[in-house]
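Student: Work out the full structure, taking the sequences as your base and the hints as a guide.
The sequence shown begins at 1 in full-length UniProt numbering and counts up one residue at a time.
The set of hints was computed from the structure by calculation and includes no laboratory data.
Be careful, since some hints might not be right.
30 Å max Cα-Cα, derived BS3-like pairs, lysine-lysine [what the hints assert, rightly or not]: (1) K211 <-> K252; (2) K71 <-> K89; (3) K95 <-> K71; (4) K213 <-> K174; (5) K30 <-> K130; (6) K252 <-> K213; (7) K95 <-> K186.
Please read these numbers as outputs of a predicted model, since none were measured by experiment.
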Amino acid sequence: METFSAIPVFVAVVEHGSFSQAAIRLGTSKSAVSKRIRELESKLGVQLIHRTTRRLSLTEAGERYAEYAFKAFSAASEGVDSVTQLQGKPKGLLKINTPMSFGRLHIAPLVADFLALYPDIELNMVMDDKVFDLVEGGFDLAIRAGNLQDSSLIARRLAPCRSVICASPDYLAKNPLPLMPDELLKHNCIHYSYFSGGSEWTLLGESEPVKVKIRGNYRVNNSEALQQAVLAGLGIAKIPTFIVGKDIAAGKLVPLLTDYDLPLQTLYAVFPERRYLPTKVRVFLDFIVDRLGGDHPYWDEQ
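Tutor: Written out as C-alpha coordinates, the structure reads:
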(Lines of atoms letter the chains of each structure in order from A and count residues from 1; the text may use other names and numbers.)
(Lines give C-alpha, C1' and ligand atoms only; values in the text may rest on other atoms or scores of the structure.)
Protein backbone atom coordinates (compact mmCIF):
# COMPACT_ATOMS: atom_id res chain seq x y z
CA MET A 1 0.00 0.00 0.00
CA GLU A 2 2.90 2.37 0.68
CA THR A 3 4.12 1.96 -2.90
CA PHE A 4 0.62 2.73 -4.19
CA SER A 5 0.39 5.95 -2.20
CA ALA A 6 3.74 7.08 -3.64
CA ILE A 7 2.48 6.87 -7.24
CA PRO A 8 1.17 10.50 -7.43
CA VAL A 9 4.51 11.76 -6.13
CA PHE A 10 6.49 9.67 -8.62
CA VAL A 11 4.22 10.78 -11.49
CA ALA A 12 4.64 14.45 -10.52
CA VAL A 13 8.44 14.12 -10.45
CA VAL A 14 8.49 12.45 -13.88
CA GLU A 15 6.10 15.02 -15.38
CA HIS A 16 8.08 18.01 -14.11
CA GLY A 17 11.59 16.52 -14.21
CA SER A 18 12.32 18.17 -10.89
CA PHE A 19 11.76 17.50 -7.20
CA SER A 20 11.21 21.20 -6.52
CA GLN A 21 8.63 21.64 -9.30
CA ALA A 22 6.86 18.44 -8.25
CA ALA A 23 6.75 19.78 -4.69
CA ILE A 24 5.11 23.00 -5.88
CA ARG A 25 2.54 21.00 -7.85
CA LEU A 26 1.81 18.76 -4.85
CA GLY A 27 1.80 21.59 -2.32
CA THR A 28 4.58 20.14 -0.21
CA SER A 29 8.35 20.57 0.29
CA LYS A 30 11.19 19.43 -1.95
CA SER A 31 12.67 17.39 0.90
CA ALA A 32 9.34 15.60 1.43
CA VAL A 33 9.16 14.66 -2.24
CA SER A 34 12.77 13.44 -2.28
CA LYS A 35 12.18 11.39 0.87
CA ARG A 36 9.03 9.80 -0.60
CA ILE A 37 10.90 8.75 -3.75
CA ARG A 38 13.74 7.27 -1.66
CA GLU A 39 11.22 5.31 0.38
CA LEU A 40 9.58 4.05 -2.82
CA GLU A 41 12.94 2.92 -4.22
CA SER A 42 13.74 1.21 -0.93
CA LYS A 43 10.44 -0.70 -0.95
CA LEU A 44 10.92 -1.76 -4.58
CA GLY A 45 14.58 -2.55 -4.09
CA VAL A 46 15.68 -0.66 -7.22
CA GLN A 47 16.78 2.85 -8.18
CA LEU A 48 14.11 4.56 -10.24
CA ILE A 49 15.67 7.98 -10.83
CA HIS A 50 19.19 9.12 -11.66
CA ARG A 51 19.95 12.31 -9.73
CA THR A 52 22.53 14.87 -10.85
CA THR A 53 23.01 18.52 -9.96
CA ARG A 54 21.48 19.55 -13.28
CA ARG A 55 18.71 17.13 -14.07
CA LEU A 56 16.78 13.99 -13.22
CA SER A 57 16.41 11.00 -15.51
CA LEU A 58 14.75 7.62 -15.23
CA THR A 59 16.70 4.42 -14.88
CA GLU A 60 15.69 1.37 -16.89
CA ALA A 61 13.65 0.21 -13.89
CA GLY A 62 12.20 3.71 -13.60
CA GLU A 63 11.09 3.67 -17.25
CA ARG A 64 9.35 0.36 -16.71
CA TYR A 65 7.72 1.44 -13.46
CA ALA A 66 6.60 4.76 -14.99
CA GLU A 67 4.60 2.95 -17.67
CA TYR A 68 2.45 1.27 -15.02
CA ALA A 69 2.44 4.20 -12.60
CA PHE A 70 0.94 6.52 -15.22
CA LYS A 71 -1.73 3.97 -16.07
CA ALA A 72 -2.60 3.57 -12.38
CA PHE A 73 -2.67 7.32 -11.84
CA SER A 74 -4.86 7.79 -14.91
CA ALA A 75 -7.30 5.12 -13.70
CA ALA A 76 -7.52 6.77 -10.28
CA SER A 77 -8.09 10.14 -11.95
CA GLU A 78 -10.96 8.66 -13.96
CA GLY A 79 -12.52 7.52 -10.72
CA VAL A 80 -12.31 11.04 -9.33
CA ASP A 81 -13.76 12.43 -12.56
CA SER A 82 -16.72 10.06 -12.49
CA VAL A 83 -17.58 11.08 -8.92
CA THR A 84 -17.04 14.79 -9.66
CA GLN A 85 -19.53 14.57 -12.51
CA LEU A 86 -22.19 13.67 -9.97
CA GLN A 87 -21.52 16.95 -8.19
CA GLY A 88 -22.06 18.90 -11.40
CA LYS A 89 -19.65 21.68 -10.40
CA PRO A 90 -16.51 22.04 -12.55
CA LYS A 91 -13.41 22.40 -10.41
CA GLY A 92 -9.77 21.41 -10.08
CA LEU A 93 -6.63 21.92 -12.16
CA LEU A 94 -7.16 22.11 -15.94
CA LYS A 95 -3.90 21.86 -17.86
CA ILE A 96 -4.07 22.65 -21.58
CA ASN A 97 -1.58 23.00 -24.43
CA THR A 98 -2.08 25.35 -27.39
CA PRO A 99 0.05 26.42 -30.35
CA MET A 100 1.87 29.64 -29.49
CA SER A 101 0.21 32.11 -31.88
CA PHE A 102 -3.28 30.60 -31.78
CA GLY A 103 -3.19 30.45 -28.01
CA ARG A 104 -2.04 34.05 -27.63
CA LEU A 105 -4.47 35.48 -30.20
CA HIS A 106 -7.60 33.42 -29.67
CA ILE A 107 -7.49 31.47 -26.39
CA ALA A 108 -5.72 33.82 -23.96
CA PRO A 109 -8.30 36.60 -24.53
CA LEU A 110 -11.04 34.18 -23.41
CA VAL A 111 -9.41 33.11 -20.15
CA ALA A 112 -10.81 35.88 -17.93
CA ASP A 113 -14.39 35.23 -19.04
CA PHE A 114 -13.98 31.46 -18.66
CA LEU A 115 -12.59 31.68 -15.12
CA ALA A 116 -15.28 34.19 -14.17
CA LEU A 117 -17.85 31.55 -15.13
CA TYR A 118 -15.95 28.71 -13.42
CA PRO A 119 -13.99 30.20 -10.49
CA ASP A 120 -13.25 26.78 -8.96
CA ILE A 121 -11.14 25.77 -11.98
CA GLU A 122 -7.40 26.45 -11.86
CA LEU A 123 -6.20 26.88 -15.47
CA ASN A 124 -2.61 26.10 -16.49
CA MET A 125 -2.10 26.97 -20.18
CA VAL A 126 1.15 25.97 -21.89
CA MET A 127 1.65 27.72 -25.25
CA ASP A 128 4.18 25.96 -27.47
CA ASP A 129 4.34 24.92 -31.12
CA LYS A 130 5.95 21.60 -30.20
CA VAL A 131 3.68 18.56 -29.98
CA PHE A 132 3.61 17.14 -26.46
CA ASP A 133 2.65 13.67 -25.30
CA LEU A 134 -0.55 14.53 -23.41
CA VAL A 135 -0.31 11.73 -20.87
CA GLU A 136 3.36 12.20 -20.07
CA GLY A 137 2.90 15.97 -19.91
CA GLY A 138 -0.12 15.69 -17.65
CA PHE A 139 -2.33 17.64 -20.08
CA ASP A 140 -6.10 17.37 -19.94
CA LEU A 141 -6.49 18.83 -23.43
CA ALA A 142 -4.49 20.22 -26.36
CA ILE A 143 -5.42 22.27 -29.41
CA ARG A 144 -3.86 21.03 -32.64
CA ALA A 145 -4.17 21.74 -36.33
CA GLY A 146 -3.96 19.37 -39.28
CA ASN A 147 -4.05 15.60 -39.44
CA LEU A 148 -4.04 13.78 -36.12
CA GLN A 149 -1.36 11.12 -35.83
CA ASP A 150 -2.08 9.62 -32.41
CA SER A 151 -5.06 7.27 -32.68
CA SER A 152 -5.21 6.93 -28.88
CA LEU A 153 -6.49 10.49 -28.59
CA ILE A 154 -10.09 11.62 -28.73
CA ALA A 155 -10.67 14.67 -30.93
CA ARG A 156 -13.40 17.29 -31.13
CA ARG A 157 -13.51 19.57 -34.16
CA LEU A 158 -13.24 23.23 -33.22
CA ALA A 159 -13.04 25.18 -36.50
CA PRO A 160 -11.62 25.07 -40.03
CA CYS A 161 -8.03 26.29 -40.32
CA ARG A 162 -7.72 28.11 -43.62
CA SER A 163 -4.53 29.60 -45.06
CA VAL A 164 -3.93 32.35 -47.58
CA ILE A 165 -1.01 33.34 -49.80
CA CYS A 166 -0.54 37.05 -49.35
CA ALA A 167 1.77 40.06 -49.58
CA SER A 168 1.70 43.71 -48.62
CA PRO A 169 0.66 46.46 -51.06
CA ASP A 170 4.20 47.91 -50.76
CA TYR A 171 5.76 44.62 -51.88
CA LEU A 172 3.35 44.31 -54.81
CA ALA A 173 4.06 47.90 -55.87
CA LYS A 174 7.70 46.93 -56.39
CA ASN A 175 7.23 43.40 -57.76
CA PRO A 176 5.01 41.85 -60.47
CA LEU A 177 1.74 40.33 -59.34
CA PRO A 178 1.96 36.50 -59.51
CA LEU A 179 -0.92 35.16 -61.62
CA MET A 180 0.19 31.52 -61.88
CA PRO A 181 1.69 29.27 -59.17
CA ASP A 182 5.05 28.87 -60.97
CA GLU A 183 5.45 32.66 -60.95
CA LEU A 184 6.06 32.38 -57.20
CA LEU A 185 9.55 31.18 -58.15
CA LYS A 186 10.36 34.76 -59.18
CA HIS A 187 9.47 36.08 -55.72
CA ASN A 188 10.96 36.14 -52.24
CA CYS A 189 8.71 33.61 -50.53
CA ILE A 190 9.18 33.44 -46.80
CA HIS A 191 7.77 30.65 -44.70
CA TYR A 192 7.02 29.01 -41.38
CA SER A 193 9.84 26.60 -40.58
CA TYR A 194 7.63 24.12 -38.68
CA PHE A 195 5.42 23.61 -41.76
CA SER A 196 5.20 19.86 -42.39
CA GLY A 197 5.56 20.34 -46.15
CA GLY A 198 8.89 22.11 -45.79
CA SER A 199 9.38 24.68 -48.54
CA GLU A 200 6.86 23.07 -50.93
CA TRP A 201 3.51 24.81 -51.28
CA THR A 202 0.52 22.96 -52.74
CA LEU A 203 -2.20 24.84 -54.62
CA LEU A 204 -5.43 23.20 -55.73
CA GLY A 205 -6.60 24.11 -59.23
CA GLU A 206 -9.44 22.81 -61.38
CA SER A 207 -7.53 19.67 -62.29
CA GLU A 208 -4.59 18.29 -60.32
CA PRO A 209 -2.74 19.92 -57.41
CA VAL A 210 0.17 22.18 -58.30
CA LYS A 211 3.28 21.95 -56.14
CA VAL A 212 5.78 24.80 -56.01
CA LYS A 213 9.18 24.60 -54.32
CA ILE A 214 9.37 28.17 -53.06
CA ARG A 215 12.58 30.06 -52.27
CA GLY A 216 13.23 32.98 -49.93
CA ASN A 217 15.71 34.58 -47.60
CA TYR A 218 13.76 34.20 -44.35
CA ARG A 219 12.18 31.37 -42.44
CA VAL A 220 10.90 31.50 -38.87
CA ASN A 221 9.20 29.16 -36.41
CA ASN A 222 6.57 31.65 -35.26
CA SER A 223 3.57 32.66 -37.37
CA GLU A 224 3.28 36.14 -35.87
CA ALA A 225 6.93 36.87 -36.73
CA LEU A 226 6.11 35.72 -40.27
CA GLN A 227 3.12 38.06 -40.29
CA GLN A 228 5.32 41.00 -39.28
CA ALA A 229 7.78 40.25 -42.08
CA VAL A 230 5.01 40.20 -44.70
CA LEU A 231 3.48 43.41 -43.37
CA ALA A 232 6.93 45.01 -43.62
CA GLY A 233 7.08 44.14 -47.34
CA LEU A 234 9.77 41.46 -47.14
CA GLY A 235 8.01 39.02 -49.44
CA ILE A 236 5.13 36.61 -50.01
CA ALA A 237 3.96 34.15 -47.36
CA LYS A 238 1.36 31.45 -46.78
CA ILE A 239 -0.23 32.15 -43.40
CA PRO A 240 -3.33 30.92 -41.53
CA THR A 241 -6.25 33.32 -41.67
CA PHE A 242 -6.52 33.23 -37.88
CA ILE A 243 -3.26 35.23 -37.97
CA VAL A 244 -3.87 37.61 -40.90
CA GLY A 245 -7.66 37.77 -41.31
CA LYS A 246 -7.82 41.23 -39.74
CA ASP A 247 -4.90 42.48 -41.89
CA ILE A 248 -6.62 41.35 -45.10
CA ALA A 249 -9.90 42.94 -44.00
CA ALA A 250 -8.04 46.20 -43.30
CA GLY A 251 -6.25 46.15 -46.67
CA LYS A 252 -2.82 45.80 -45.05
CA LEU A 253 -2.30 42.49 -46.88
CA VAL A 254 -3.52 41.36 -50.30
CA PRO A 255 -4.60 37.76 -51.03
CA LEU A 256 -2.81 36.27 -54.05
CA LEU A 257 -3.62 33.45 -56.50
CA THR A 258 -7.23 33.46 -55.35
CA ASP A 259 -8.29 31.27 -58.29
CA TYR A 260 -6.54 28.43 -56.46
CA ASP A 261 -7.51 26.84 -53.17
CA LEU A 262 -5.07 25.79 -50.48
CA PRO A 263 -5.38 22.48 -48.61
CA LEU A 264 -7.85 22.93 -45.78
CA GLN A 265 -6.79 21.91 -42.32
CA THR A 266 -8.86 21.66 -39.16
CA LEU A 267 -8.38 22.87 -35.62
CA TYR A 268 -9.07 20.13 -33.09
CA ALA A 269 -9.25 19.85 -29.36
CA VAL A 270 -7.69 16.53 -28.41
CA PHE A 271 -7.60 14.74 -25.09
CA PRO A 272 -6.48 11.35 -23.77
CA GLU A 273 -8.97 8.55 -24.16
CA ARG A 274 -10.88 8.35 -20.91
CA ARG A 275 -14.11 6.70 -19.95
CA TYR A 276 -15.32 9.77 -18.09
CA LEU A 277 -14.67 13.17 -19.64
CA PRO A 278 -13.96 15.47 -16.68
CA THR A 279 -16.54 18.19 -16.22
CA LYS A 280 -13.79 20.83 -16.23
CA VAL A 281 -12.71 19.65 -19.72
CA ARG A 282 -16.25 19.45 -21.06
CA VAL A 283 -17.18 22.99 -20.01
CA PHE A 284 -13.92 24.37 -21.44
CA LEU A 285 -14.59 22.63 -24.76
CA ASP A 286 -18.16 23.93 -24.95
CA PHE A 287 -16.98 27.42 -24.04
CA ILE A 288 -14.28 27.74 -26.72
CA VAL A 289 -16.42 26.14 -29.45
CA ASP A 290 -19.11 28.73 -28.75
CA ARG A 291 -16.66 31.64 -28.67
CA LEU A 292 -14.61 30.62 -31.75
CA GLY A 293 -17.65 30.26 -33.97
CA GLY A 294 -17.49 26.63 -35.09
CA ASP A 295 -17.64 26.17 -38.88
CA HIS A 296 -17.62 29.95 -39.34
CA PRO A 297 -14.85 31.26 -37.07
CA TYR A 298 -14.95 34.96 -36.39
CA TRP A 299 -11.52 35.61 -37.91
CA ASP A 300 -12.86 34.54 -41.32
CA GLU A 301 -15.91 36.78 -41.01
CA GLN A 302 -14.01 40.07 -40.84
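Student: Does each hint fit the structure? Answer for all of them.
Tutor: Each hint, compared with the structure:
Between K211 and K252 the alpha-carbon distance is near 27 Å, which keeps this suggested pair within the 30 Å criterion. For the suggested pair K71 and K89, the alpha carbons sit about 26 Å apart, so the restraint of at most 30 Å is met. Proposed proximity of K95 and K71 is supported: the alpha carbons are some 18 Å apart, at most 30 Å. Pair hint K213 plus K174 holds up; C-alpha atoms about 22 Å apart against a cutoff of 30 Å.
Taking the CA atoms of K30 and K130, the gap is near 29 Å; set against the 30 Å cutoff, the hint holds. At roughly 26 Å between alpha-carbon atoms, K252 and K213 fall within 30 Å of each other, so this suggested pair holds. For the given pair, K95 sits about 46 Å from K186 by alpha-carbon distance, which is inconsistent with the 30 Å threshold.
Checked against the numbered hints above, the structure breaks only hint 7 and satisfies the rest.
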